[in-house]
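Using the sequences and the hints given, assemble the complete structure.
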Amino acid sequence: MAVLEQDQNAARAGKTARRITPIGAFYLVLFVLGLLAPWVAYPVFLMKILCFALFASAFNLLLGFVGLLSFGHAAFLATGAYITGFLLAEYPGLSPALGIVAGTFGAVVLGTLFGALAIRRQGIYFAMVTLALAQMMFFFFVQAPFTHGEDGLHGVPRGDLFGLFDLSDNHTLYYFVFAIFVVAFALIRRVVHSPFGQVLKAIRENEPRAISLGYHTDAYKLVAFVLSAGLAGLAGATKTLVFQLASLGDASWHMSGEVILMTLLGGVGTLLGPLVGSGLVIGLQHQLAQSALGDWVSVILGAIFVICVLSFRSGIVGECQRWLEKRKARE
Amino acid sequence: MTMIFGIPLMVLFGQLMLGLINGAFYALLSLGLAVIFGLLRIINFAHGAQYMLGAFAALLGAQYLGLNYWAALIVVPLVVGALGIVMERLLLRRIQHLDHLYGLLLTFGLALIFEGTLVNLFGVSGSSYPIPEALSGGFKLSFMFLPTYRAWVLVAALVVCFAVWFLIERTRLGAYLRAGTENPELVQAFGINVPLMVSLTYGLGVALAAFAGVLAAPLYPVSPTMGSSLLIVVFAVVVIGGMGSILGAILTGLAMGIIEGLTKVFYPEAANTVIFVVMVMVLMLRPAGLFGKEA
Numbered sequence: 001m002a003v004l005e006q007d008q009n010a011a012r013a014g015k016t017a018r019r020i021t022p023i024g025a026f027y028l029v030l031f032v033l034g035l036l037a038p039w040v041a042y043p044v045f046l047m048k049i050l051c052f053a054l055f056a057s058a059f060n061l062l063l064g065f066v067g068l069l070s071f072g073h074a075a076f077l078a079t080g081a082y083i084t085g086f087l088l089a090e091y092p093g094l095s096p097a098l099g100i101v102a103g104t105f106g107a108v109v110l111g112t113l114f115g116a117l118a119i120r121r122q123g124i125y126f127a128m129v130t131l132a133l134a135q136m137m138f139f140f141f142v143q144a145p146f147t148h149g150e151d152g153l154h155g156v157p158r159g160d161l162f163g164l165f166d167l168s169d170n171h172t173l174y175y176f177v178f179a180i181f182v183v184a185f186a187l188i189r190r191v192v193h194s195p196f197g198q199v200l201k202a203i204r205e206n207e208p209r210a211i212s213l214g215y216h217t218d219a220y221k222l223v224a225f226v227l228s229a230g231l232a233g234l235a236g237a238t239k240t241l242v243f244q245l246a247s248l249g250d251a252s253w254h255m256s257g258e259v260i261l262m263t264l265l266g267g268v269g270t271l272l273g274p275l276v277g278s279g280l281v282i283g284l285q286h287q288l289a290q291s292a293l294g295d296w297v298s299v300i301l302g303a304i305f306v307i308c309v310l311s312f313r314s315g316i317v318g319e320c321q322r323w324l325e326k327r328k329a330r331e
Numbered sequence: 001m002t003m004i005f006g007i008p009l010m011v012l013f014g015q016l017m018l019g020l021i022n023g024a025f026y027a028l029l030s031l032g033l034a035v036i037f038g039l040l041r042i043i044n045f046a047h048g049a050q051y052m053l054g055a056f057a058a059l060l061g062a063q064y065l066g067l068n069y070w071a072a073l074i075v076v077p078l079v080v081g082a083l084g085i086v087m088e089r090l091l092l093r094r095i096q097h098l099d100h101l102y103g104l105l106l107t108f109g110l111a112l113i114f115e116g117t118l119v120n121l122f123g124v125s126g127s128s129y130p131i132p133e134a135l136s137g138g139f140k141l142s143f144m145f146l147p148t149y150r151a152w153v154l155v156a157a158l159v160v161c162f163a164v165w166f167l168i169e170r171t172r173l174g175a176y177l178r179a180g181t182e183n184p185e186l187v188q189a190f191g192i193n194v195p196l197m198v199s200l201t202y203g204l205g206v207a208l209a210a211f212a213g214v215l216a217a218p219l220y221p222v223s224p225t226m227g228s229s230l231l232i233v234v235f236a237v238v239v240i241g242g243m244g245s246i247l248g249a250i251l252t253g254l255a256m257g258i259i260e261g262l263t264k265v266f267y268p269e270a271a272n273t274v275i276f277v278v279m280v281m282v283l284m285l286r287p288a289g290l291f292g293k294e295a
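Chain order of the listed sequences is A and B. Quick note on numbering: the working numbering labels position 166 of the first sequence as 166, and the sequence is numbered without any gaps. Quick note on numbering: the working numbering labels position 43 of the second sequence as 43, and the sequence is numbered without any gaps.
Among the hints, erroneous ones may be present.
Under 10 Å between C-beta atoms, here's a sample of chain B residues computed to sit facing chain A [unchecked claim]:
{"no.": "1", "residue": "G109"}
{"no.": "2", "residue": "L146"}
{"no.": "3", "residue": "P287"}
{"no.": "4", "residue": "L290"}
Sample of chain B residues with no beta-carbon within 10 Å of chain A, all distances over it, derived [said to hold, decoys possible]:
{"no.": "5", "residue": "I43"}
{"no.": "6", "residue": "E169"}
{"no.": "7", "residue": "V265"}
{"no.": "8", "residue": "F291"}
The set of hints was computed from the structure by calculation and includes no laboratory data. Even for Gly, the Cβ is constructed at its ideal location relative to N, Cα and C.
Right, dumping it as structure tokens:
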């Protein structure tokens, strides 16, 4: 699971020379494209991609940078979605921003509980424990009265942002969602490149060694887990606002699998991988849903999974990076 | 009617019996997972799908080939187990040298393919498989009515579990297997064909899942999704029992079935989650599981 190191070197070089680095320019182009996108493509579709890109980035923070495979991230997505949906639906007039904050906070609390339990086991056991805990949440959401069971929460009002912006307009909402995404992505990037992030990578590469260097690895892992859970909850809360809906689909273990696929396909341990992966998976689902192959979506996703694991484990972005590095080495 | 804790005795025993039957399935499936994990170090996420394939193979065999129940009980595990060996040779072998997480992800992808394909071919609603003639009816015991088929499932599952335990813990082949899990290179150096052993082990684990599927076919609706929800419960059972021991998988499976059955009587709302709650408690007290060894 290779990491984007050149990104960091570029950042360091930029600090001394104060020039726009290639990677900085690249992010700037992405940002401008993000600003222009809703005038070209359907905003709701773009917002869906943004929400899942955030979800996958949050998941990747754990798998790609700490080496922990959580198979239960749907629990955090759903917690964020349900809390935000419930609050906004029950208290009309509540600011959507507050609703999102509450949803994220709920996911943070749940992440603390689950994280404290799950980090007691490692590797595949960690995956199984998170999966089982998430399934427990699924049954909770099925039975709890506030979720409306199988029906889910419908018609969640989007409301006004700070009393100024009417979020029922798709373009306005897009820029709100885009802003959330950019801030969250910047946060993840900051975390990954911080000293804290370096310790996380050390744990990923060799945990006993990190322990022998004096790091309380469990504390680091827990903080990373909570951060990842909170960001996944933020993604869920935002998603509720976009679709005005929170449902059991968010909590099912298929959702946990999907986010793994997005990350794996795009490139585990790269910052841009989850973005590419979620864009591709959501785009594919969107295209297939309209075609005759619509019923075969899960089979096709399964096949992509198998191909990914067998032949390009570093994902699309990871493979591109390797190719770039090889070219650089030849020069 | 006799009551105990305000619950009619008949209901209590009935639920205990149901719990024990479910426990037998948990035991068979977690045993298969444990056997596969032992040598391949892979959490076989396709286990639920392979269980479902067993049930479907029995159903389709009966519909199109006139395969009767008893024949299915032998033929289906062999066929599905052979499919497992093919999977191991073609796919799993290629990622054996990698992080074990890739094995989990690969088998997860395979599970999606199996499940999705059968959903498309047969729909999600599921069909029923008749209880074989010889096993219909039941015994009237003084405290409850015991359907013959359920009694048979329990006996068959326990016998198979014991046979697998005996094979692995008490025979020479089992000794090779256990040695292979400790140090494959050394065992290979003694002239034992480890890759072949790995294939056969995976086949055995898959065959166990398929056997459970055939046993389950007359009890539960045969549908493409029957395996996936069960599998996650079995994962929880595995975490509770600890992966180290074969006996642990069997005992924990049965015990969890009983606990689930009892919860259904006393606090039905929690019946779906009780196993996960037990898992949380075990994780807090003994992170390695009840029968597991600290790594």
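Hint by hint, here is what the structure shows:
Nearest Cβ of chain A to the Cβ of G109 (chain B): about 3 Å, under the 10 Å cut. The hint holds. Taking 10 Å as the C-beta cut-off, the interface hint given for L146 (chain B) is violated, the closest approach to chain A being about 29 Å. Taking 10 Å as the C-beta cut-off, the interface hint given for P287 (chain B) holds, the closest approach to chain A being about 4 Å. For L290 (chain B), the shortest C-beta to C-beta distance to chain A is roughly 14 Å, which exceeds 10 Å, and the interface hint is violated.
I43 (chain B), annotated as away from the interface, has a beta carbon of chain A within 10 Å; the closest lies near 5 Å. Every Cβ of chain A is farther than 10 Å from the Cβ of E169 (chain B); the closest lies at roughly 23 Å, confirming the non-interface assignment. With a least CB separation of 18 Å from chain A, V265 (chain B) remains clear of the 10 Å interface cut-off, as annotated. Consistency note on F291 (chain B): stated as away from chain A, and its beta-carbon is indeed over 10 Å from all of that chain's, at 14 Å minimum.
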